[in-house]
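Q: Residue strings, one per chain:
2 protein chains.
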Amino acid sequence: MKIDIDKTSMIPVYEQIANSLRDMMYGGSLQDGDRLDSEQKMCRNLSVSRGTVRKAIDILLKEGMVKKIHGKGTFVSNPNVEYSLNDQLMSFAESLDNQHLSYTTQVIQQELRPANAKIADMLKIPVGSQYLYLERLRSVADDKLMLIENRINITLCPGIEKVNFNNISLFNKIEELADRKISFARSTYEALTIGTERGKILELPPSTPALKMQQAVYLSEKEPVEYGSVWLKGNKYFLTTTLQRR
Amino acid sequence: MKIDIDKTSMIPVYEQIANSLRDMMYGGSLQDGDRLDSEQKMCRNLSVSRGTVRKAIDILLKEGMVKKIHGKGTFVSNPNVEYSLNDQLMSFAESLDNQHLSYTTQVIQQELRPANAKIADMLKIPVGSQYLYLERLRSVADDKLMLIENRINITLCPGIEKVNFNNISLFNKIEELADRKISFARSTYEALTIGTERGKILELPPSTPALKMQQAVYLSEKEPVEYGSVWLKGNKYFLTTTLQRR
Numbered sequence: 001m002k003i004d005i006d007k008t009s010m011i012p013v014y015e016q017i018a019n020s021l022r023d024m025m026y027g028g029s030l031q032d033g034d035r036l037d038s039e040q041k042m043c044r045n046l047s048v049s050r051g052t053v054r055k056a057i058d059i060l061l062k063e064g065m066v067k068k069i070h071g072k073g074t075f076v077s078n079p080n081v082e083y084s085l086n087d088q089l090m091s092f093a094e095s096l097d098n099q100h101l102s103y104t105t106q107v108i109q110q111e112l113r114p115a116n117a118k119i120a121d122m123l124k125i126p127v128g129s130q131y132l133y134l135e136r137l138r139s140v141a142d143d144k145l146m147l148i149e150n151r152i153n154i155t156l157c158p159g160i161e162k163v164n165f166n167n168i169s170l171f172n173k174i175e176e177l178a179d180r181k182i183s184f185a186r187s188t189y190e191a192l193t194i195g196t197e198r199g200k201i202l203e204l205p206p207s208t209p210a211l212k213m214q215q216a217v218y219l220s221e222k223e224p225v226e227y228g229s230v231w232l233k234g235n236k237y238f239l240t241t242t243l244q245r246r
Numbered sequence: 001m002k003i004d005i006d007k008t009s010m011i012p013v014y015e016q017i018a019n020s021l022r023d024m025m026y027g028g029s030l031q032d033g034d035r036l037d038s039e040q041k042m043c044r045n046l047s048v049s050r051g052t053v054r055k056a057i058d059i060l061l062k063e064g065m066v067k068k069i070h071g072k073g074t075f076v077s078n079p080n081v082e083y084s085l086n087d088q089l090m091s092f093a094e095s096l097d098n099q100h101l102s103y104t105t106q107v108i109q110q111e112l113r114p115a116n117a118k119i120a121d122m123l124k125i126p127v128g129s130q131y132l133y134l135e136r137l138r139s140v141a142d143d144k145l146m147l148i149e150n151r152i153n154i155t156l157c158p159g160i161e162k163v164n165f166n167n168i169s170l171f172n173k174i175e176e177l178a179d180r181k182i183s184f185a186r187s188t189y190e191a192l193t194i195g196t197e198r199g200k201i202l203e204l205p206p207s208t209p210a211l212k213m214q215q216a217v218y219l220s221e222k223e224p225v226e227y228g229s230v231w232l233k234g235n236k237y238f239l240t241t242t243l244q245r246r
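The listed protein sequences correspond, in order, to chains A and B. Counting from 1, one number per residue, gives the positions in the first sequence under full-length UniProt numbering. Counting from 1, one number per residue, gives the positions in the second sequence under full-length UniProt numbering.
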């Protein structure tokens, strides 16, 4: 483990240490499951205080880049959940089921709201009419992994506002109440930082990288039933594809 | 524009302003093309110095979240490049061509390197044998958008190490020298921060969110011809899919 620090730099030494370790993980010289040098060894090698090394490790712990295992040390902890973009349309819940990963879903907000212009347009409902806003936090193995924000067209699945969504699949419930199958979804993915508000819920610092999915779900081309965003904690979630050439 | 700051907080005020503006962009109350309040107005409303507001704006400028237009103000600048994951396999260059976006590609490194265990395994070549390492920077409209790192199996496309890759499509060149079509690619996508080393090349601070694609490209199931990573600047690049249900 070769860490470069410059004590004359404007950047605090603990940040330099964290940046240097992060670079090694991204560059592949530190890989999944590798153990970091002990705090004592880093202090000695870099001639810095124990507090400085701890602050550096804390940054990486908060980002989910490393994990502490009591009595064993600090280990590189890499992405461990996949979501295939080649299969048929699956909800994240169904995808986790398919990977035999157990998860819990906690409802944070569930309320009827009046549609603004953007949401009215996406759900093809009149401006000011009510839709169901649903905000949920999903954890896998106690790791707060995704924040799910759904806006649901209640005229297409009446009664959905009264469902208890703790640990229930939204897609299944929509199909049950609409008494029809979901047809397709259009999605976009981008990398952002999690920001203050969502970071608070996921217990991550605002600057943590996140994958944001924005998705519109349709019963048919003219019947959008749900419009939502999913914020996936970075370094924990993989999208996968296999694409053929020509 | 309603910015919350807490002058008693440990977080510097300029960071709080940047976080608050970022949250508004992510939350949708500030959208593509919206103009931010002028620096004077923000100073007045928040009772902070001009320098503090400038530092906040600088953070967002560096992240590519906003753009300054001389004499007009500072504007929210959102993702503007798409990459479809439903089409046939396309290189990023081909995808940009399809969107009629002009770009430049600059070679940063191009050299033969001996394969370590991981690369040997991915390219199905002996450990220690040579492969072509190619590092390129691609800009769209003067925006440094992606950093491309390729590892190429030179036995499958002899002579590729001598090609001048400034503004040439790698996929086309591989197919020309291998005298065969590429068959398919397996890819994964995840959100990370850009890190120090790559941030320097893309002129971004280490904490900038980025989408990392890791891709293995095959001539046939047993002939991997390229293994690479593409680092896409966050907030600038969209992946898109349309998936059918059942």
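Hint data in this document are derived by calculation from the structure and do not stem from the laboratory. Check before you lean on any hint, since a few could be wrong.
A pair counts as met if it fits within one copy or between any two copies, since identical chains are not told apart.
Dumping the calculated SDA-like pairs for lysine to any residue here, alpha-carbon to alpha-carbon at most 20 Å [stated by the list, open to error]:
id	residue 1	residue 2
1	LYS72	MET90
2	LYS72	LYS222
3	LYS200	ASP58
4	LYS222	ASP97
5	LYS67	SER9
6	LYS144	ASN167
7	LYS55	PRO206
8	LYS222	ASP142
9	LYS7	THR196
10	LYS162	GLU203
11	LYS55	MET10
12	LYS7	THR240
13	LYS222	THR241
14	LYS55	LYS181
15	LYS118	ASP23
16	LYS124	THR242
17	LYS67	VAL81
18	LYS7	MET90
19	LYS118	MET1
Q: If a hint holds in the structure, say so; if it does not, say that too.
A: Now for the hints, and whether the structure bears them out:
For a Cα distance limit of 20 Å, the shortest separation of LYS72 from MET90 qualifies neither inside one copy, at 38 Å, nor across copies, at 45 Å. For a Cα distance limit of 20 Å, the shortest separation of LYS72 from LYS222 qualifies neither inside one copy, at 56 Å, nor across copies, at 40 Å. Proximity of LYS200 to ASP58 under the C-alpha cut-off of 20 Å is restricted to the intra-copy arrangement: shortest distance 17 Å within a copy versus 24 Å between copies. For the identical chains of this complex, LYS222 and ASP97 are neighbours neither inside a copy (30 Å) nor across copies (31 Å), given an alpha-carbon limit of 20 Å.
With identical chains, the CA atoms of LYS67 and SER9 are never at most 20 Å apart, being 28 Å at best within one copy and 28 Å at best between copies. In this homomeric assembly, LYS144 and ASN167 come within 20 Å of each other (Cα to Cα) only inside a single copy, at 14 Å, whereas the closest approach across copies is 43 Å. For the homomeric pair LYS55 and PRO206, the shortest alpha-carbon distances inside one copy (17 Å) and between copies (17 Å) are both at most 20 Å. In this homomeric assembly, LYS222 and ASP142 never come within 20 Å of each other (Cα to Cα): the closest approach is 39 Å inside a single copy and 39 Å across copies.
For the homomeric pair LYS7 and THR196, the shortest alpha-carbon distance between copies (16 Å) is at most 20 Å, but the shortest distance inside one copy (30 Å) is not. Taking the shortest Cα distances, LYS162 and GLU203 never come within 20 Å of each other, neither inside one copy (28 Å) nor across copies (50 Å). Within a single copy, LYS55 and MET10 get their C-alpha atoms as close as 17 Å, and across copies as close as 16 Å, so both meet the 20 Å cut-off. Within a single copy, LYS7 and THR240 get their C-alpha atoms no closer than 41 Å, and across copies no closer than 44 Å, so neither meets the 20 Å cut-off.
For the homomeric pair LYS222 and THR241, the shortest alpha-carbon distance between copies (18 Å) is at most 20 Å, but the shortest distance inside one copy (28 Å) is not. Within a single copy, LYS55 and LYS181 get their C-alpha atoms no closer than 51 Å, and across copies no closer than 51 Å, so neither meets the 20 Å cut-off. With identical chains, the CA atoms of LYS118 and ASP23 are at most 20 Å apart between copies only, with a shortest distance of 18 Å across copies and 40 Å within one. When the C-alpha separation of LYS124 and THR242 is checked against a cutoff of 20 Å, the pair qualifies only between copies, where the shortest distance is 19 Å, while the shortest distance within a copy is 33 Å.
When the C-alpha separation of LYS67 and VAL81 is checked against a cutoff of 20 Å, the pair qualifies only within one copy, where the shortest distance is 16 Å, while the shortest distance between copies is 35 Å. Within a single copy, LYS7 and MET90 get their C-alpha atoms no closer than 50 Å, and across copies no closer than 46 Å, so neither meets the 20 Å cut-off. Taking the shortest Cα distances, LYS118 and MET1 sit within 20 Å of each other only across copies (18 Å), while inside one copy they are farther apart (50 Å).
The structure is inconsistent with the numbered hints 1, 2, 4, 5, 8, 10, 12, 14, 18, although it conforms to all the rest.
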